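Kindly produce the complete structure, drawing on both the sequences and the hints.
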Amino acid sequence: MTMQTVLSDIGSINDKYVMFNRFTEDSDPGDSKFLFSAKDNLTSKDFETCCGSRILEGYHPVFDATAIAKMRNAGGKLIGKTNMDEFGFGTFSANSGFGIPRNPFDLERACGGSSGGSACAAAVIEDHVSLGVSTGGSICCPASFCGVYGIAPTYGRVSRYGLIDYGNSLDKIGLLSAKASDLTRYLPVISGRDERDPTSCVQPELEIKGDRIRSVAVPKEAAEGLSKDVSEAFLNSLETLKGMGIDVEYVDMPALKYAMPAYYVLATSEASTNLARYVGMRYGHQDGDLSLKFDDYFTYFRSKYFGDEAKRRILLGTYTRMAGFRDRYYAKALKVRMYVIDAYKQILKDHDAVLAPTMPFVAPRFDDISKMTPVESYKADYLTVPANLAGTPHLSVPCGYNADGMPIGMQFVADHWNEDRLLTMANEWDKAFDVRKAEVSL
Amino acid sequence: MDREIVERVARAAHISLTEEELAKYSQDLTDILDYFKILDEAPDFEGFGVNPIEVADVVREDEPKMEFDPDELLKDMNTYDGYVRGPRLS
Numbered sequence: 084m085t086m087q088t089v090l091s092d093i094g095s096i097n098d099k100y101v102m103f104n105r106f107t108e109d110s111d112p113g114d115s116k117f118l119f120s121a122k123d124n125l126t127s128k129d130f131e132t133c134c135g136s137r138i139l140e141g142y143h144p145v146f147d148a149t150a151i152a153k154m155r156n157a158g159g160k161l162i163g164k165t166n167m168d169e170f171g172f173g174t175f176s177a178n179s180g181f182g183i184p185r186n187p188f189d190l191e192r193a194c195g196g197s198s199g200g201s202a203c204a205a206a207v208i209e210d211h212v213s214l215g216v217s218t219g220g221s222i223c224c225p226a227s228f229c230g231v232y233g234i235a236p237t238y239g240r241v242s243r244y245g246l247i248d249y250g251n252s253l254d255k256i257g258l259l260s261a262k263a264s265d266l267t268r269y270l271p272v273i274s275g276r277d278e279r280d281p282t283s284c285v286q287p288e289l290e291i292k293g294d295r296i297r298s299v300a301v302p303k304e305a306a307e308g309l310s311k312d313v314s315e316a317f318l319n320s321l322e323t324l325k326g327m328g329i330d331v332e333y334v335d336m337p338a339l340k341y342a343m344p345a346y347y348v349l350a351t352s353e354a355s356t357n358l359a360r361y362v363g364m365r366y367g368h369q370d371g372d373l374s375l376k377f378d379d380y381f382t383y384f385r386s387k388y389f390g391d392e393a394k395r396r397i398l399l400g401t402y403t404r405m406a407g408f409r410d411r412y413y414a415k416a417l418k419v420r421m422y423v424i425d426a427y428k429q430i431l432k433d434h435d436a437v438l439a440p441t442m443p444f445v446a447p448r449f450d451d452i453s454k455m456t457p458v459e460s461y462k463a464d465y466l467t468v469p470a471n472l473a474g475t476p477h478l479s480v481p482c483g484y485n486a487d488g489m490p491i492g493m494q495f496v497a498d499h500w501n502e503d504r505l506l507t508m509a510n511e512w513d514k515a516f517d518v519r520k521a522e523v524s525l
Numbered sequence: 004m005d006r007e008i009v010e011r012v013a014r015a016a017h018i019s020l021t022e023e024e025l026a027k028y029s030q031d032l033t034d035i036l037d038y039f040k041i042l043d044e045a046p047d048f049e050g051f052g053v054n055p056i057e058v059a060d061v062v063r064e065d066e067p068k069m070e071f072d073p074d075e076l077l078k079d080m081n082t083y084d085g086y087v088r089g090p091r092l093s
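Residue numbers (this note's numbering), protein chains in the order written: chain W, 84 to 525; chain E, 4 to 93.
Please note that the accuracy of each hint is not assured.
To be verified - Simulated pairs of lysine to aspartate or glutamate, EDC-like, Cα-Cα distance not exceeding 20 Å:
{"id": "1", "chain 1": "W", "residue 1": "Lys-340", "chain 2": "W", "residue 2": "Glu-459"}
{"id": "2", "chain 1": "W", "residue 1": "Lys-462", "chain 2": "E", "residue 2": "Asp-31"}
{"id": "3", "chain 1": "W", "residue 1": "Lys-418", "chain 2": "E", "residue 2": "Asp-43"}
Source of the hints: derived by calculation from the structure; they are not laboratory data.
Remember, it's a predicted structure, so these values are computed and weren't measured experimentally.
Encoded structure:
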């Protein structure tokens, strides 16, 4: 697939896989060095930006997110904005006000979420890199389900300027690609200090030195609750790692069991305040009756245009911040976050990375997803949430395929600012493991 | 979570719920909060941070500047005479 072919075929590609909410009509790559896409919660001047939500329909940003601007400056052409769960609220990209991306290995299955469209684009389009965003696992989960590489860097490594907030103490911009080498090529492009995002200004420089992961710790707690096919693929991968000269040791990490509830308390608390700005003024739909009192006007928009999961998380986050409940939930969750960070730091004194499967099962079918309760859906994130809560960088690599040919992934977590080891691992793993491409036909 | 609390929370969040939604979210939030009870068992770890990494204060000189053309910013907004239009305050 040349750049010209991709641009010519993008409409028919999207008809089949539904990875884009908006895509370019310009079929001329011009002087572009590469094509890239971006999750639809990153602002861009040339595309409507909706964050998967009907409430933002019609929002045309006047500026590029820093990550998008940097990719353009490096010679990239932004070809589309990828479908996602509304504001990132989901594990399967099925909670979207727009299109639901289809898994390239089985169109009846989900791509994972919430950067599902990005993972789908990375798997389907040759030589493609996509900007994703992870709050609780939204890069590694879809990377695992779609059989591609995904990296979520340290919190603060990539400027969040132009990223529409979900949980601002958790959100991280990263990359998805079918090529391990793309992560090494583009992470330095999007990283760096940006005065518009103070959380990016404390970072040490990202140095690509080729530091290796020589030992991994596998938490016993993370090996529980896995489906048989994921467990088998993971155990086989541990043998492959040992064959690469990497020490593998099982460890206890009891802090992991508290990460999930702490994450959902913090994420929904922050989301409920961040989404308070969407009231039918300034952004998106603004077609309400201005003669209404402001309470009624705001309520009209929010009730009409927020989706089911967005309402659920706003209600939850509003509750956990309310007087009388705040200490039990929000304050406690902040302490648990430090406990989880400390648990990682203790293990990473003796090991270069913590390793577990990325997701406990392969990409589920859409009809099975529709039967899941909210708690069942949240629990699916238990392997990806801890590293996100801790703000530690993490990488998902394809590590196996089940009997139906569905991809399985495993996730390496390194210490803060140690992305270099993860990038080296991705490239080494790519040589040791036979990564399959999805069969793409239009 | 009982329906009265869900109604109070929804009012604070500017979301109106139908009877059906009220019943559904009451049940969902009850299930979710039941799951969160495990937090009560977590060790009382010393200290807490609002961010997962230490974030230094970054300040700049307070110099007025015009980064965006106001007309560009207002182009998709409901405006009157350069002001954003909004609903009644009372």
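* Unmet hints by their number, sorted upward, for this structure -> none
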